Amino acid sequence: MSKDKKPGVIRRAWTWFRTPSHLAIGTLLAMGFVAGVVFWGGFNTGMEVMNSEKFCISCHEMRDNVYQEYMDTVHYSNRTGVRAVCSDCHVPKEFVPKMIRKIKASKELYGKAMGIIDTPQKFDEHRLQMAKNEWARMDGNNSQECRNCHSFDYMDFTEQKTVAGKMHSMAIKEGKTCIDCHKGIAHKLPDMTGIPNGF
Amino acid sequence: MKSNVLRKQLTLWTMLVALVSGSVVFAADSVDLSQSPEVSGTPEGSVIMPKEQSRMALDYVNQPPMIPHSVDGYQVTTKVNTCLKCHGVQSYRTTGAPRISPTHFVDSAGHVSSNVAPRRYFCQSCHVPQADAAPIIGNTFTPAPGYGK
Numbered sequence: 157m158s159k160d161k162k163p164g165v166i167r168r169a170w171t172w173f174r175t176p177s178h179l180a181i182g183t184l185l186a187m188g189f190v191a192g193v194v195f196w197g198g199f200n201t202g203m204e205v206m207n208s209e210k211f212c213i214s215c216h217e218m219r220d221n222v223y224q225e226y227m228d229t230v231h232y233s234n235r236t237g238v239r240a241v242c243s244d245c246h247v248p249k250e251f252v253p254k255m256i257r258k259i260k261a262s263k264e265l266y267g268k269a270m271g272i273i274d275t276p277q278k279f280d281e282h283r284l285q286m287a288k289n290e291w292a293r294m295d296g297n298n299s300q301e302c303r304n305c306h307s308f309d310y311m312d313f314t315e316q317k318t319v320a321g322k323m324h325s326m327a328i329k330e331g332k333t334c335i336d337c338h339k340g341i342a343h344k345l346p347d348m349t350g351i352p353n354g355f
Numbered sequence: 109m110k111s112n113v114l115r116k117q118l119t120l121w122t123m124l125v126a127l128v129s130g131s132v133v134f135a136a137d138s139v140d141l142s143q144s145p146e147v148s149g150t151p152e153g154s155v156i157m158p159k160e161q162s163r164m165a166l167d168y169v170n171q172p173p174m175i176p177h178s179v180d181g182y183q184v185t186t187k188v189n190t191c192l193k194c195h196g197v198q199s200y201r202t203t204g205a206p207r208i209s210p211t212h213f214v215d216s217a218g219h220v221s222s223n224v225a226p227r228r229y230f231c232q233s234c235h236v237p238q239a240d241a242a243p244i245i246g247n248t249f250t251p252a253p254g255y256g257k
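Here the protein sequences come in this chain order: A and B.
Position 191 of the first sequence, counted from 1, bears residue number 347 in my numbering, the numbering being contiguous throughout.
Position 92 of the second sequence, counted from 1, bears residue number 200 in my numbering, the numbering being contiguous throughout.
FYI, nobody ran anything at the bench for these hints, they're computed from the structure.
Everything numeric in this text was worked out from a predicted model, so none of it was measured.
Don't take every hint at face value.
Stated by the list, open to error - Listed next, with one range per pair, are the computed distances between beta-carbon atoms:
| id | chain 1 | residue 1 | chain 2 | residue 2 | range |
| --- | --- | --- | --- | --- | --- |
| 1 | A | R219 | B | E160 | 44 to 50 Å |
| 2 | B | V184 | A | G321 | 20 to 26 Å |
| 3 | A | M227 | B | M164 | 30 to 36 Å |
| 4 | A | G237 | B | E160 | 22 to 28 Å |
| 5 | B | P176 | A | C337 | 17 to 23 Å |
| 6 | A | F355 | B | I244 | 34 to 40 Å |
| 7 | B | P176 | A | G271 | 45 to 51 Å |
| 8 | B | I244 | A | M227 | 25 to 31 Å |
| 9 | A | D228 | B | V113 | 48 to 54 Å |
| 10 | B | S216 | A | I259 | 40 to 46 Å |
| 11 | B | I244 | A | E330 | 53 to 59 Å |
| 12 | B | T202 | A | Q277 | 33 to 39 Å |
Note that the Cβ used here is the ideal one computed from N, Cα and C, for glycine as well.
Looking at chain A on its own, in the form it has when it is part of the complex:
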């Protein structure tokens, strides 16, 4: 009797996986295609939801701190209504960097869950460190998130303030990246003593 014992879950799954189906190969392929579309579409929709402002605020410690500061800036509200939400600046658009960022961002959730940054005072104490992390990331990817909208290639320096035009052409010459000079664009800056101003 012991020989008829039901095999384990893994073995049964493996057997099921290996056993040829009665279905035609075309049907199987078609089903696979549809399943693939549904899965990939679902995945991307899920990703989009996860990158919405509301979703960010629901878990990250931001509603009373950085989100309030962001609401006063031009990236939240302006005359043309073109906006940049949290993820536009803080989450890369490319797939692999996006996934890496998502995983790294879980550290921030830990910070929230353990109450390390749960009051504006505590948040301010960690502001410099958090800002440094973000500056380093932007330095590393050549401020890609800024450049998704703002590009040196299409800047008309004659339309800019004279100083801005001058500094931007200097930045191109010296191979600078946006975050070198433009820190604290949407947020309050931390204590900047000893942080070079970028030019």
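Keeping the supplied structure of chain A fixed, place chain B upon it in accordance with the hints.
Then chain B, alone, in the frame of chain A:
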């Protein structure tokens, strides 16, 4: 009792008349107050602040120069001073911005430091962006001789 009510009514009406006539006289002043954002309740953003413009003339000796550009989003807190990024001693040669005045390094006791004195640190207490705005209160001020041109 009755006279009390009457007196109350009378006072109320007198006050109302005084208020209305007062405001009429006030409005008839030569200054066009409707231009002033404080009075007309102009929605924020409709007064045109400069992106960049030429510098307005000073009106008296030691007047703090006004800011000929927009300061939207500039942060001046105890921890950071965005103005000094360009106007500071370390960077004014690169940016071509006017250098912060040496007087700003002298504290109230007359001591000179290499850091900006606390009482001179918050730039916009004295330096304000130039704007084409009507005066809030009428005045007879005329620029000092040689100034205002």
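Legend entry - Whether the CB-CB distance between A/R219 and B/E160 falls inside 44 to 50 Å: The hinted range 44 to 50 Å is violated for A/R219 and B/E160, with Cβ atoms some 36 Å apart.
Legend entry - C-beta pair B/T202, A/Q277: status relative to the range 33 to 39 Å that was hinted: holds, 36 Å
Legend entry - Whether the CB-CB distance between A/M227 and B/M164 falls inside 30 to 36 Å: holds, 33 Å
Inset, instruction - Hint says 25 to 31 Å; check whether the CB-CB distance for B/I244 and A/M227 agrees. - result: Since B/I244 and A/M227 have Cβ atoms about 29 Å apart, the given range 25 to 31 Å holds.
Inset, instruction - Could you see if the CB distance from A/F355 to B/I244 stays within 34 to 40 Å? - result: holds, 39 Å
Inset, instruction - Given the hint of 40 to 46 Å, check if B/S216 and A/I259 actually sit that far apart at their C-beta atoms. - result: Given range 40 to 46 Å: violated, Cβ gap about 53 Å.
Inset, instruction - Note whether the CB distance of B/P176 and A/C337 lies within 17 to 23 Å or breaks it. - result: At roughly 21 Å between Cβ atoms, A/C337 and B/P176 fall inside 17 to 23 Å, so the hint holds.
Inset, instruction - Check the following: the C-beta atoms of A/G237 and B/E160 are separated by a distance inside 22 to 28 Å. - result: holds, 24 Å
Legend entry - 48 to 54 Å as the expected CB spacing between B/V113 and A/D228, which holds or is violated: holds, 52 Å
Legend entry - Verdict for B/I244, A/E330 (Cβ pair) under range 53 to 59 Å: violated, 46 Å
Inset, instruction - Given the hint of 45 to 51 Å, check if B/P176 and A/G271 actually sit that far apart at their C-beta atoms. - result: holds, 47 Å
Legend entry - Range agreement (Cβ of A/G321 with Cβ of B/V184, hint 20 to 26 Å): Holds, at about 25 Å.
Of the hints listed earlier, those the structure fails to meet are numbers 1, 10 and 11, in rising order.
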